[in-house]
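**Q** Chains as they are written, first to last, in the numbering used here: chain V, 1 to 106; chain F, 1 to 84; chain L, 1 to 415.
To be clear, the hints were calculated from the coordinates, so they are not data collected in a lab. Note that the Cβ used here is the ideal one computed from N, Cα and C, for glycine as well. Be a bit skeptical, because a hint or two may be false.
What the hints assert, rightly or not - Which bits of chain L does chain V cover? Going by a derived footprint, with three or more residues having C-beta under 8 Å, they are:
| hint | stretch |
| --- | --- |
| 1 | 238-252 |
| 2 | 255-264 |
Unchecked claim - Not close to chain L: a few residues of chain F, all C-beta gaps over 12 Å, as computed:
| hint | residue |
| --- | --- |
| 3 | Pro18 |
| 4 | Ser24 |
| 5 | Ser27 |
| 6 | His30 |
| 7 | Ala41 |
| 8 | Glu46 |
| 9 | Thr47 |
| 10 | Leu49 |
| 11 | Arg52 |
| 12 | Glu55 |
| 13 | Met61 |
| 14 | Gly62 |
| 15 | Lys66 |
| 16 | Glu72 |
Claimed, not checked - With a cut-off of at most 20 Å between alpha-carbon atoms, the simulated PhoX-like pairs for lysine-lysine come out as follows:
| hint | chain 1 | residue 1 | chain 2 | residue 2 |
| --- | --- | --- | --- | --- |
| 17 | V | Lys21 | L | Lys212 |
| 18 | L | Lys201 | V | Lys10 |
| 19 | L | Lys150 | L | Lys201 |
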Amino acid sequence: MVRVLINVPKQVFRSIPFEVKVLISHPMESGQRRDQVGQAIPRDIINHFVCTLDGETVLDADFFPAISANPFLAFSVVAEKSGILALTFVDDQGVTQTETVAVNVA
Amino acid sequence: MNRPTALGLALLLVAAAPPPPGASSCSGCHGGALPLAGREAMQTTETLLAFRSGERPSTVMGRIAKGFDPSELGLIAAWWAAEK
Amino acid sequence: MIRRRQVLAGGLAAPFVAKAQARARVVVVGGGFGGATAARFLRRYDPALDVTLLEPNTVFTVCPFSNLVIAGGRDFAAQRFGYDAVRAEGVAVVHAAATTIDTAARTVMAANGTRYPYDRLVLSPGIDIVWSGLAGYDEAAASKMPHAWKAGEQTLLLRRQLEAMPDGGTVVMSVPPNPYRCPPGPYERASLIAWYLTKHKPKSKILVLDAKDAFSKQKLFQAAWKQLYPGLLEWVSLSDGGKVTRVDPASLTFETEFGSHKADVGIVVPPQRAGAIAAGAGVADRSGWCPIDPMTFESRLVPGIHVIGDAAIAGAMPKSAFAANAQAKVCAAAVVSLLNGKKPDEPRLINTCYSLVAPEYGISVAGVYRPANGVLADIEGAGGTSPPDAPAEQRIQEAMFGEQWFATITAEVFG
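Next up, chain V with everything else stripped away, as it sits in the complex (with noise of 0.2 Å):
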């Protein structure tokens, strides 16, 4: 389990986008680097990150190596109505972890 800061709207409104911030504390290892010894060090980044809002998928990526340690996330969503927002993603070593948050449409 690795450390998830989620940021959405106390309220948001039906049909305006509101924007959702995502701080996930991820090493991303970048498979480039060697350790003191010249011993490549294996990569291990998140690889697919998934947004989803009442089950609906909103936002779906791929990342790759370059993507900085402790990714910072910002995007935008738009709600019909109340919803649960759920986010999941997989690292390489096969780990996958979803934290949700409610979203409130006034």
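Chains F and L: place on chain V using the hints.
**A** Chains F and L alone, transformed into the frame defined by chain V:
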């Protein structure tokens, strides 16, 4: 009467020998309670070498002396010995 | 022995006296650790030089140890220095700010209306705050949320605010991304404020909101915080959402991407760049700092101008008073060589930087540097921080050495 004055003036006008690499940084800490100027060169060199090898315990001097090879430390010590 | 030296000196003196008539002119801008040192050592390395130092303040307030003033552990007067000794060295000290630099005509215009011509110019302008760099933070905001990153009235303001804060209050400090003046400074400040709070307002807290995940002497600071200030000092890293995106001086609020923090005393260590005169002279690049040739500290952008101290991009060397002083001496030697048509020697520079975690708990970082691939690079195997497992006596000793360092360096620069 005139001659010593002229010589004294000449002394003032002569620029100090340029410090060898690294030497001018020392006076950031050294002076006052921890003087280096005029300190006997061999003594300073030996102290610096002992800091460098860790033989003589220190707080920062070991970390600094490791940035120089023995001949560079000797030059620095000799320059400080000639300083007033 | 003395006789021999005099004779030798007499023999060598003639060419210098002859050269004295040429009177090469060097103007130095900025009378801090870099500029005042450069001016004095230019005169020492070549007593025939005509050296002018432009510095608006008649009394200079130094930053090192100002965090202890803020925490109530040191007298403000101990931070103040005049220029009598610099003058006595034969430097023409002019208390006027440099306003514009004409690089084609090689002149500096000062606020007193006088134009100062130069053969070589040394800029040591220190830092300026990038007021547009953090939303909500401008010059007016600094009177509510002090930065105290240039010692002086701001130092005293922050001291008064801490004194006025009731027990149980929260101090919040934001820290910018690199680079900025004095890399360990924010953490020393947090430590010493925590020391003050522990003694006088033990129900209070200090929260450090950082735009970085790692910082100078981090392990040493964090171990000491755990030992000395448990539960009182909290550091929030970038990946914990610590990056401050906006401040509101009216409500003393710090906003991050993930929440907001209300302060009783709010401190903003703001984003910074080289002093404005550097950009005016065209020696600052798009980063806001000044690229230099590490052999001579001559600007990569404008020939004939040397940049030292916090304003310079000095590679692995940090922006510290010690570094500015060391660079000034190397730069002065290089300027003298260049004016005499000689090739400057390859320099070696040292930095030593002490931080206080408490008045009797000092830690240090040191480094040795040389030019490599066009920048000042760390010499491998040298330098580093105090050991993490050092006994308490060594922390006391390093606090003492820090104080001695202050006495010695200020004597060399101003005394």
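**Q** Against each hint, give a clear statement of whether it holds in the structure.
**A** Hint by hint, here is what the structure shows:
For the stretch 238-252 of chain L, the stated coverage by chain V is satisfied: 4 residues place a CB nearer than 8 Å to a CB of that chain, which reaches the threshold of 3. Interface restraint, the stretch 255-264 of chain L with chain V: holds (3 residues with C-beta to C-beta distance below 8 Å; minimum three). Not every C-beta of chain L lies more than 12 Å from that of F:Pro18, the closest at about 6 Å, which undercuts listing it as non-interface. F:Ser24, annotated as away from the interface, has a beta carbon of chain L within 12 Å; the closest lies near 4 Å.
Residue placement check: F:Ser27 does not keep its beta carbon more than 12 Å from all beta carbons of chain L (closest about 5 Å). For F:His30, the condition that its CB be more than 12 Å from all CB atoms of chain L is violated, with the nearest at approximately 7 Å. Every Cβ of chain L is farther than 12 Å from the Cβ of F:Ala41; the closest lies at roughly 15 Å, confirming the non-interface assignment. Listed as outside the interface, F:Glu46 is consistent with that label: its C-beta sits roughly 19 Å from the nearest C-beta of chain L, beyond the 12 Å cut-off.
Every CB of chain L is more than 12 Å from the CB of F:Thr47 (nearest about 16 Å), matching its label as outside the interface. Every beta carbon of chain L lies more than 12 Å from that of F:Leu49, the smallest distance being close to 14 Å; the non-interface claim holds. The Cβ of F:Arg52 sits about 9 Å from the closest Cβ of chain L, inside the 12 Å cut-off, so the non-interface label is violated. No beta-carbon of chain L comes within 12 Å of the beta-carbon of F:Glu55; the shortest separation is about 17 Å.
A Cβ of chain L approaches the Cβ of F:Met61 within 12 Å, the least distance being about 9 Å, so the stated non-interface status is violated. Non-interface status of F:Gly62 relative to chain L is broken: a Cβ of that chain comes within 12 Å, the nearest being about 9 Å off. For F:Lys66, the condition that its CB be more than 12 Å from all CB atoms of chain L is violated, with the nearest at approximately 4 Å. Separation of F:Glu72 from chain L is inadequate, the least Cβ-Cβ distance of about 8 Å not exceeding the 12 Å criterion.
In summary, the hint linking V:Lys21 to L:Lys212 is supported, as the alpha carbons are separated by about 18 Å, within the 20 Å threshold. Straight-line distance between C-alpha atoms of L:Lys201 and V:Lys10 comes to about 35 Å, which puts the hinted pair past the 20 Å bound. Distance check on the hinted pair: L:Lys150 and L:Lys201 sit about 26 Å apart at the alpha-carbon level, beyond 20 Å; violated.
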